[in-house]
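Engineer: With chain P fixed as given, assemble chains L, X and V onto it according to the hints.
Protein chains in written order, with my numbering: chain P, 1 to 300; chain L, 1 to 300; chain X, 1 to 300; chain V, 1 to 300.
One should not assume that every hint holds.
Which copy is meant is left open, because identical chains are indistinguishable; a pair holds if it fits in one copy or across any two.
Stated by the list, open to error - Here are the simulated SDA-like pairs of lysine to any residue, each with C-alpha atoms no more than 20 angstroms apart in a straight line:
(1) K207 - T131
(2) K207 - P125
(3) K207 - R141
(4) K292 - G278
(5) K292 - H277
(6) K207 - H217
(7) K207 - N156
(8) K207 - L36
(9) K292 - R281
(10) K292 - G193
(11) K227 - P148
(12) K207 - G130
Because the hints were derived from the structure by calculation, they are not lab data.
Here are the chains, one letter per residue:
There are 4 protein chains.
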Amino acid sequence: MKIGFVGTGAMGRPMLANLVKRGHSVVAYDIVDDALAAAARLGAGRAASAAAAAGGADLVITMLPSSSHVEAAYLGVGGVLEGIGPGRLCVDMSTIDPSVSRRVAGAATRRGARFIDAPVSGGVPRAEDGTLAIMVGGDPRDVEEARPVLAVMGANIIHVGPVGSGEVAKLCNNLVAGVAAVAVSEAFRIAEGFGVDPRILTDVISKSSGNTWVMEHMHPVGGLVAKAPSSHDYTPGFTTDLMAKDLGLAVSAARDLRVPVVVAPAAQQVLRLASSHGLGRKDFSSVYVFLKPSSGQAPV
Amino acid sequence: MKIGFVGTGAMGRPMLANLVKRGHSVVAYDIVDDALAAAARLGAGRAASAAAAAGGADLVITMLPSSSHVEAAYLGVGGVLEGIGPGRLCVDMSTIDPSVSRRVAGAATRRGARFIDAPVSGGVPRAEDGTLAIMVGGDPRDVEEARPVLAVMGANIIHVGPVGSGEVAKLCNNLVAGVAAVAVSEAFRIAEGFGVDPRILTDVISKSSGNTWVMEHMHPVGGLVAKAPSSHDYTPGFTTDLMAKDLGLAVSAARDLRVPVVVAPAAQQVLRLASSHGLGRKDFSSVYVFLKPSSGQAPV
Amino acid sequence: MKIGFVGTGAMGRPMLANLVKRGHSVVAYDIVDDALAAAARLGAGRAASAAAAAGGADLVITMLPSSSHVEAAYLGVGGVLEGIGPGRLCVDMSTIDPSVSRRVAGAATRRGARFIDAPVSGGVPRAEDGTLAIMVGGDPRDVEEARPVLAVMGANIIHVGPVGSGEVAKLCNNLVAGVAAVAVSEAFRIAEGFGVDPRILTDVISKSSGNTWVMEHMHPVGGLVAKAPSSHDYTPGFTTDLMAKDLGLAVSAARDLRVPVVVAPAAQQVLRLASSHGLGRKDFSSVYVFLKPSSGQAPV
Amino acid sequence: MKIGFVGTGAMGRPMLANLVKRGHSVVAYDIVDDALAAAARLGAGRAASAAAAAGGADLVITMLPSSSHVEAAYLGVGGVLEGIGPGRLCVDMSTIDPSVSRRVAGAATRRGARFIDAPVSGGVPRAEDGTLAIMVGGDPRDVEEARPVLAVMGANIIHVGPVGSGEVAKLCNNLVAGVAAVAVSEAFRIAEGFGVDPRILTDVISKSSGNTWVMEHMHPVGGLVAKAPSSHDYTPGFTTDLMAKDLGLAVSAARDLRVPVVVAPAAQQVLRLASSHGLGRKDFSSVYVFLKPSSGQAPV
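So that you can see chain P by itself, here it is in the shape it has in the complex (with noise of 0.2 angstroms):
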């Protein structure tokens, strides 16, 4: 098949890879030039524009950092919608707003061409892999079509409803994941302070009301899950900003919807804070590290 490819970064290229190695033709884009030559390295041709990739494509994808960029990418001049074949179909597997991927679509639909999000989770190892978990928002005969394309990509491939819902599911599924790592971490630092052995918490809580994915799979505390990220000093895994970015979407999503939301903005402060003092790029489960105690001598 004819792929169109925007967005050929640290997580754009090991999916254009294995859609390359399928047999797949793409042609890519990106505004990094340094992005679209290695994209050219993996095999994919080099398009001057979005417009210009999406130009004869029988699929378009796009993997973009943010909001912006997607609204740009399609919107824009140069942008997708601009070049797209008529009744094409536009599939964009970044992590952004809902009501932003709503918007696209609506745009999309305008110009006779369709659109669905499928927004990844996993990270670079299993886009390499080809594993990702994929959550689809979209027309139900769309999803289909792009199913065998995203199956190149994803070993878990799920449709939750219409455009917009697979970034809901995303963005949820993260909300209580960020949380869920701060209280985490949280517990486990008073434990610490009452010199309570993590090992045997950790057993107490995983049979208890408390028990958490994170902690089983991503434990903040390091030395007691061999692979979490904290027993690899933190090597992500999922970083610290794209965790505070996740939980920046669902506290915007929550503020268009006037929802009232407590713990997901306060998470999210907190990686931020994590991010400016110096633990951006580590695992968000380094979040644990920052919340040390204070030593002061004075009086609490």
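Structural biologist: Okay, now just chains L, X and V, sitting in the frame of chain P:
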């Protein structure tokens, strides 16, 4: 065995009943006459004070609503430590500040007695069934001495560490559970705003990094998990007031330790607000109800 | 002067009325028919679109409820930038995201027009009196050109800096005012719990480090400051919904700048909760009412 | 007058020095030998315990770092209430939990003595000058009895209400001041991100609804207010650790009263974090430094 039992409220009563049923000779005390009368109807003897209940006992059990009640019951005039025999063991099963456990344990030691903390989880239903989970802190020898009696009341008895550790484990577990309930509620309110099917979202999250015991067993959205309080008008379970109390204990412990905590106090306060606005005696998962969107016409 | 006026809602109308009274020839547009009809009754001409209102105007004024309304009114089909004459000046008096001000200003420049932001404070009463405070961001020459017209609507016109700076100043001021209102409410709820006379506490704080404009003029406790909304059933003043909106804009701006913020989102969300629970159209100082203590029997 | 003085740390010492200078006969006690030796060098007699310092005194003053210190100094073995003469007056000038003030006052009454709380503000410089602000809670007759002695240490003595009210007033004032410092810091970080001149923003806010004592006198941005700690490398003033302590006391009091609080715990925890990251002994306005933007390349 002769057991002194102080605190025969809603939780203490079924625990005491199981001890009586198993043939223990229980002498009870409660500052509330009605609570004490109820204990007597279950077969316990009546003492005129905590000291008197402790008087001839081989073992003293206390089950009280707060740190200050425990301090008064042990250290006050007519308290347990006035009456207890030399070398006897006290088992405090209340959920309180671990620092208070340690302070009372120290006083018990100075008085020639011994003290362990053994808070429970599971609520009235599991107290009645004798299947409480019991987290124990204390000297290993003391814990072993208490174990046969604890086994009458609970099914899962875990020795966490030295005195206070039972409380720490319980508070840390509940910190995560309480925060998770708020986070899950926020996520599902956002999804609802976008019209995403909560059943599908539950399925997505259950297989991803946002999975939590709370969502699996106490899903805040009604109708998705048959046994969850949300499917039964938020009949507890574990009340909003009790969860606010436990989060408050955890946050207060963090303060004493100079540990910065962020999502725990945010969750504590939203539960406190939910209680102020009528949900105190509902299950704590009813925070979902409290986090309803504003319907106002005003801009966001 | 010929003035195009877009946005004739509750705030825009009295501003427009003052312009008409001072002899300006105003042509109005609003997407809501009733709002436009009301403007016509005040003496304005009716345009069929924002573009048409801008058509023959020497100066265009916009007064809209949110960032997305402003974007649509300027950049959309039939928007101001379609109709405006070459070199003409646009004055946006809405309270919106400063980044949107800058984006619209950029679009105006590309279209050969000019743009300044000039958000107001003071509410409907001061709009009627023509005594609004107006914070202006833009090129000094543009600001001077607009000043005589602004002076018809406001009494205190401050040039803060380049485009967007008026919005920044307003949001930053309201961030502090909104947070202060919550903080003062919390302080007086605590004092009340201890039975301290709020009048004496007000006197103490007014002479100490906790003094704030908010306590002096908008005291959240009724009966202490005669003109405060709290002394008049929390009739606004400035509604909870509008303050939640402005705090939301400030928090969102912080997100875009990667600035960690902590008390602003906490205040934003408690106001949002207060709105969900019926206080959205009351003065924002009614958050004091919302922060009522829980009366529950349960332990703390 | 013969005065017993317990607690001769950094704040107590200059207060004691003023009493000695004015001819009072002071007998001091401190559990820290060096602190007691320093008091002796200022002309105080040395007592071997709090009880001994209280022994022959007409009036007892205590100035201690925390609630638990006050409880121990009054109620513990060798404490004030062991030594104090019948009918004598105790003046606790520590900043502590108002509930503890009330509990100690009750114990004093049972012992035949009297107790008032009289916490101070102004820090070491004003302690040295004898110009502290003193907020007093207690029986009016007791307060009048203490007034001449208080007047030696402070310039502004306010009788707030019954026992504990001095503490309540201080904590409530500091709650607002502490939250305001964080809010002002957040506002100026946002403004900075947009390139708005902080001097102009200060001018705008000072005339508007966001004005606060904190901005006028303790502006967190250096170079704008000459006497502010921020203009002198954040030399306190009032340390981050002490403000975190006072916010912690206010939040803890709210918990006991079941009052929901939202911005106070948020401010408390960010100050605690700032302390963990090295700013504990700087002025609390240094939270501005802590709230620096993240410089990361990652998307928001």
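Engineer: Take the hints in turn and mark each one as holding or not.
Structural biologist: Comparing the hints with the structure gives:
1. With identical chains, the CA atoms of K207 and T131 are at most 20 angstroms apart between copies only, with a shortest distance of 14 angstroms across copies and 30 angstroms within one.
2. When the C-alpha separation of K207 and P125 is checked against a cutoff of 20 angstroms, the pair qualifies only between copies, where the shortest distance is 18 angstroms, while the shortest distance within a copy is 30 angstroms.
3. For a Cα distance limit of 20 angstroms, the shortest separation of K207 from R141 qualifies neither inside one copy, at 43 angstroms, nor across copies, at 25 angstroms.
4. For the identical chains of this complex, K292 and G278 are neighbours both inside a copy (14 angstroms) and across copies (11 angstroms), given an alpha-carbon limit of 20 angstroms.
5. Taking the shortest alpha-carbon separations for K292 and H277, both the intra-copy value of 13 angstroms and the inter-copy value of 8 angstroms come in at or below 20 angstroms.
6. Taking the shortest alpha-carbon separations for K207 and H217, both the intra-copy value of 15 angstroms and the inter-copy value of 13 angstroms come in at or below 20 angstroms.
7. Taking the shortest Cα distances, K207 and N156 sit within 20 angstroms of each other only across copies (10 angstroms), while inside one copy they are farther apart (28 angstroms).
8. Taking the closest pair of Cα atoms, K207 and L36 never come within 20 angstroms of each other, the shortest separation being 49 angstroms inside a single copy and 34 angstroms across copies.
9. Taking the shortest alpha-carbon separations for K292 and R281, both the intra-copy value of 19 angstroms and the inter-copy value of 17 angstroms come in at or below 20 angstroms.
10. For the homomeric pair K292 and G193, the shortest alpha-carbon distance inside one copy (10 angstroms) is at most 20 angstroms, but the shortest distance between copies (28 angstroms) is not.
11. In the homo-oligomer, the alpha carbons of K227 and P148 never lie at most 20 angstroms apart, since the shortest distance is 31 angstroms inside one protomer and 39 angstroms across protomers.
12. In this assembly of identical chains, the alpha carbons of K207 and G130 lie at most 20 angstroms apart only when taken from different copies (18 angstroms versus 33 angstroms within one copy).
In summary, the structure is inconsistent with hints 3, 8, 11 from the numbered list given earlier, while agreeing with the others.
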